[in-house]
Amino acid sequence: MISCVAGIFRPSDDAYYDQRNATMKSLARLALSAAIPLLFAQASLAEGLAGAPAPFDKGGVKIALISYISAGDFFQAYQAGAEAQAKALDIDLRVFPGRQDAAEQREQVLQAINLGVSALVIDHGLPESLADVAQQALDTGIKVVAFDVNLNNPKIPQVEQSDHELAQLALDQAVKDNGASFNAAYVYVAGFAPLDRRNEVWDKFKSQNSGVVEKTRFGVVNDTTATSTADQAKAALNANPDATVVFAPYDEFARGVKLAANDLGIAGKLKIYSADVSTADIQEITEEGSPWVATVATNPAVVGAVSVRAAALQVAGQVVPPQIVVKPTLLTQESLRAAGVKTIEELAQKIPAFSTSDAATASWIPDKLF
Numbered sequence: 001m002i003s004c005v006a007g008i009f010r011p012s013d014d015a016y017y018d019q020r021n022a023t024m025k026s027l028a029r030l031a032l033s034a035a036i037p038l039l040f041a042q043a044s045l046a047e048g049l050a051g052a053p054a055p056f057d058k059g060g061v062k063i064a065l066i067s068y069i070s071a072g073d074f075f076q077a078y079q080a081g082a083e084a085q086a087k088a089l090d091i092d093l094r095v096f097p098g099r100q101d102a103a104e105q106r107e108q109v110l111q112a113i114n115l116g117v118s119a120l121v122i123d124h125g126l127p128e129s130l131a132d133v134a135q136q137a138l139d140t141g142i143k144v145v146a147f148d149v150n151l152n153n154p155k156i157p158q159v160e161q162s163d164h165e166l167a168q169l170a171l172d173q174a175v176k177d178n179g180a181s182f183n184a185a186y187v188y189v190a191g192f193a194p195l196d197r198r199n200e201v202w203d204k205f206k207s208q209n210s211g212v213v214e215k216t217r218f219g220v221v222n223d224t225t226a227t228s229t230a231d232q233a234k235a236a237l238n239a240n241p242d243a244t245v246v247f248a249p250y251d252e253f254a255r256g257v258k259l260a261a262n263d264l265g266i267a268g269k270l271k272i273y274s275a276d277v278s279t280a281d282i283q284e285i286t287e288e289g290s291p292w293v294a295t296v297a298t299n300p301a302v303v304g305a306v307s308v309r310a311a312a313l314q315v316a317g318q319v320v321p322p323q324i325v326v327k328p329t330l331l332t333q334e335s336l337r338a339a340g341v342k343t344i345e346e347l348a349q350k351i352p353a354f355s356t357s358d359a360a361t362a363s364w365i366p367d368k369l370f
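Numbering-wise, my numbering puts 108 at position 108 of the sequence shown, and it's gapless, one number per residue.
Honestly, the hints are just simulated from the structure, not real lab data. All values derive from a computational prediction rather than experimental measurement. Ideal Cβ placement from N, Cα and C applies to all residues, glycine included. Treat the hints with caution; some may be incorrect.
Said to hold, decoys possible - Using C-beta positions, here's what the derived DEER-type ranges look like:
| hint | residue 1 | residue 2 | range |
| --- | --- | --- | --- |
| 1 | ASP57 | ASP196 | 37 to 43 Å |
| 2 | VAL319 | ASP172 | 30 to 36 Å |
| 3 | VAL213 | LYS155 | 40 to 46 Å |
| 4 | VAL175 | VAL319 | 37 to 43 Å |
| 5 | PRO154 | GLU47 | 31 to 37 Å |
| 6 | GLY60 | ASP172 | 43 to 49 Å |
| 7 | GLN136 | LEU330 | 38 to 44 Å |
Unchecked claim - Calculated cross-link-like contacts (lysine to any residue; reagent style SDA-like; alpha-carbon spacing at most 20 Å):
| hint | residue 1 | residue 2 |
| --- | --- | --- |
| 8 | LYS62 | ILE113 |
| 9 | LYS327 | GLN168 |
| 10 | LYS87 | ALA362 |
| 11 | LYS234 | LYS269 |
| 12 | LYS269 | GLU214 |
| 13 | LYS269 | THR332 |
| 14 | LYS269 | PHE182 |
| 15 | LYS234 | GLU284 |
| 16 | LYS269 | THR286 |
| 17 | LYS155 | VAL320 |
| 18 | LYS62 | VAL320 |
| 19 | LYS342 | THR286 |
| 20 | LYS62 | ALA88 |
| 21 | LYS155 | GLN136 |
| 22 | LYS350 | LYS368 |
| 23 | LYS87 | GLU104 |
| 24 | LYS204 | ARG217 |
| 25 | LYS87 | LYS327 |
| 26 | LYS176 | GLU165 |
Please work from the sequences and hints to get the whole structure.
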């Protein structure tokens, strides 16, 4: 997911924050402070975890989950997984919802620091708006874990979905279905770690497959990514009627392209390959006549759980690698239909590899969550 992801929202230079006046910052802090009692009134009762190292033996460890995006199936599942793992560890997880607002997310990090949490999990975001406040958290002794946002800090472990493998598996399937020569449309927005890593694979793939021609490139991320992408896709596909394969390595992109293909009446001549998955995606992939033929994904709930585990390990003083990779699974239209999968829950039940990960584990951490 993606972290994830529009270059159009990125601050253009350091003046971005200078231009935000003190009144707006004060209002943001006041709003966050007012929200705290509502968000966290149900703080967990500390009971502790038998056999766990301090401070988890006593329980009630405060960890903040600060997201850039909260809307959408992927991000809701990610949060649900984080909450399930936190409950199993008797963690008081404090969730700050994301609204795709870089300045607000920055303020949320500062608010969490002031709350005295033991760790922060930063879920997506813009590195330029987060790097200094993440360092501020580290300077106060707070542990920090990042998911799909590269803060370029050796003290901050990066949880990722193996974005290179996600893209490679999707492209391998495209070659299997279409051969090594085809005209492609590519959906991409630069500036976010997961999409940038997937783009590295796309560039390498093109260099190794001279028969693959990128006919058009487009992409947008905003609060209506799928519909905005659909508008762009209509124009791009109309201008390039010979494009038969679409590589859209983010499920909201794929949803938008599918919508455009249906509106244009060309679903029968396109094949869409994507990354990420949700219940809504499964329904769109498996419906009759869908051009969305494959996606590659990790279970977002598992990724959320892994993120909390990584934070817990750090708080307990245990070693966490700089990169924590959750392996993805190829999901084709054919395999989903054959298995009768209609929801993420059914996917986890029928494909066991989708429901577990051995990343960031320890004997004292409960991992039977789903």
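Here's how the hints hold up against the structure:
Range check, ASP57 to ASP196: Cβ separation about 41 Å, and the 37 to 43 Å hint holds. Here the CB-CB span from VAL319 to ASP172 is close to 34 Å, well matched to the stated 30 to 36 Å. In this structure, VAL213 and LYS155 meet the distance hint of 40 to 46 Å, their C-beta atoms being roughly 43 Å apart. The hinted window of 37 to 43 Å between VAL175 and VAL319 holds, with their beta carbons roughly 39 Å apart.
The given range of 31 to 37 Å is respected by PRO154 and GLU47, whose C-beta atoms sit roughly 35 Å from each other. The hint said 43 to 49 Å for the Cβ distance between GLY60 and ASP172, and at roughly 46 Å that hint holds. The beta-carbon spacing between GLN136 and LEU330, approximately 41 Å, falls within the hinted interval of 38 to 44 Å. Our distance criterion of 20 Å between C-alpha atoms is met by LYS62 and ILE113, whose separation comes to about 11 Å.
Simply put, LYS327 and GLN168 have alpha-carbon atoms about 12 Å apart, close enough for the 20 Å limit, and the pair holds. Of the pairs offered as hints, the one joining LYS87 and ALA362 holds, with about 16 Å between alpha carbons and a cut-off of 20 Å not exceeded. For the hint linking LYS234 to LYS269, the alpha-carbon distance of about 14 Å falls within 20 Å, and the restraint holds. Only pairs whose Cα atoms come within 20 Å are accepted, and LYS269 paired with GLU214 is accepted, the gap being roughly 17 Å.
For the hint pairing LYS269 with THR332, the CA-to-CA distance comes to about 17 Å; that is within 20 Å, so the pair holds. A C-alpha spacing of about 12 Å is found between LYS269 and PHE182, which places the hinted pair at or below 20 Å, so the restraint holds. With a C-alpha separation of about 18 Å, the suggested pair LYS234 and GLU284 falls inside the 20 Å cut-off, and the hint holds. Distance restraint check for LYS269 and THR286: the Cα-Cα separation of roughly 17 Å lies within the 20 Å cut-off, and the hinted pair is therefore satisfied.
Under the criterion of a C-alpha separation no larger than 20 Å, the hint pairing LYS155 with VAL320 is consistent with the structure, at around 10 Å. For the proposed pair LYS62 and VAL320, the alpha carbon gap of about 19 Å is at most 20 Å, so the pair holds. Of the pairs offered as hints, the one joining LYS342 and THR286 holds, with about 8 Å between alpha carbons and a cut-off of 20 Å not exceeded. Taking the CA atoms of LYS62 and ALA88, the gap is about 14 Å. The hint holds against a cut of 20 Å.
Of the pairs offered as hints, the one joining LYS155 and GLN136 holds, with about 12 Å between alpha carbons and a cut-off of 20 Å not exceeded. Proximity of LYS350 to LYS368 is assessed by CA-CA distance (about 16 Å); at most 20 Å being required, the pair is judged to hold. Restraint check: the Cα-Cα separation between LYS87 and GLU104 comes to about 27 Å, which exceeds 20 Å; the hinted pair is violated. Between LYS204 and ARG217 the CA atoms are separated by roughly 16 Å; this keeps the pair inside 20 Å, and the hint holds.
For the hint pairing LYS87 with LYS327, the CA-to-CA distance comes to about 24 Å; that exceeds 20 Å, so the pair is violated. With a C-alpha separation of about 16 Å, the suggested pair LYS176 and GLU165 falls inside the 20 Å cut-off, and the hint holds.
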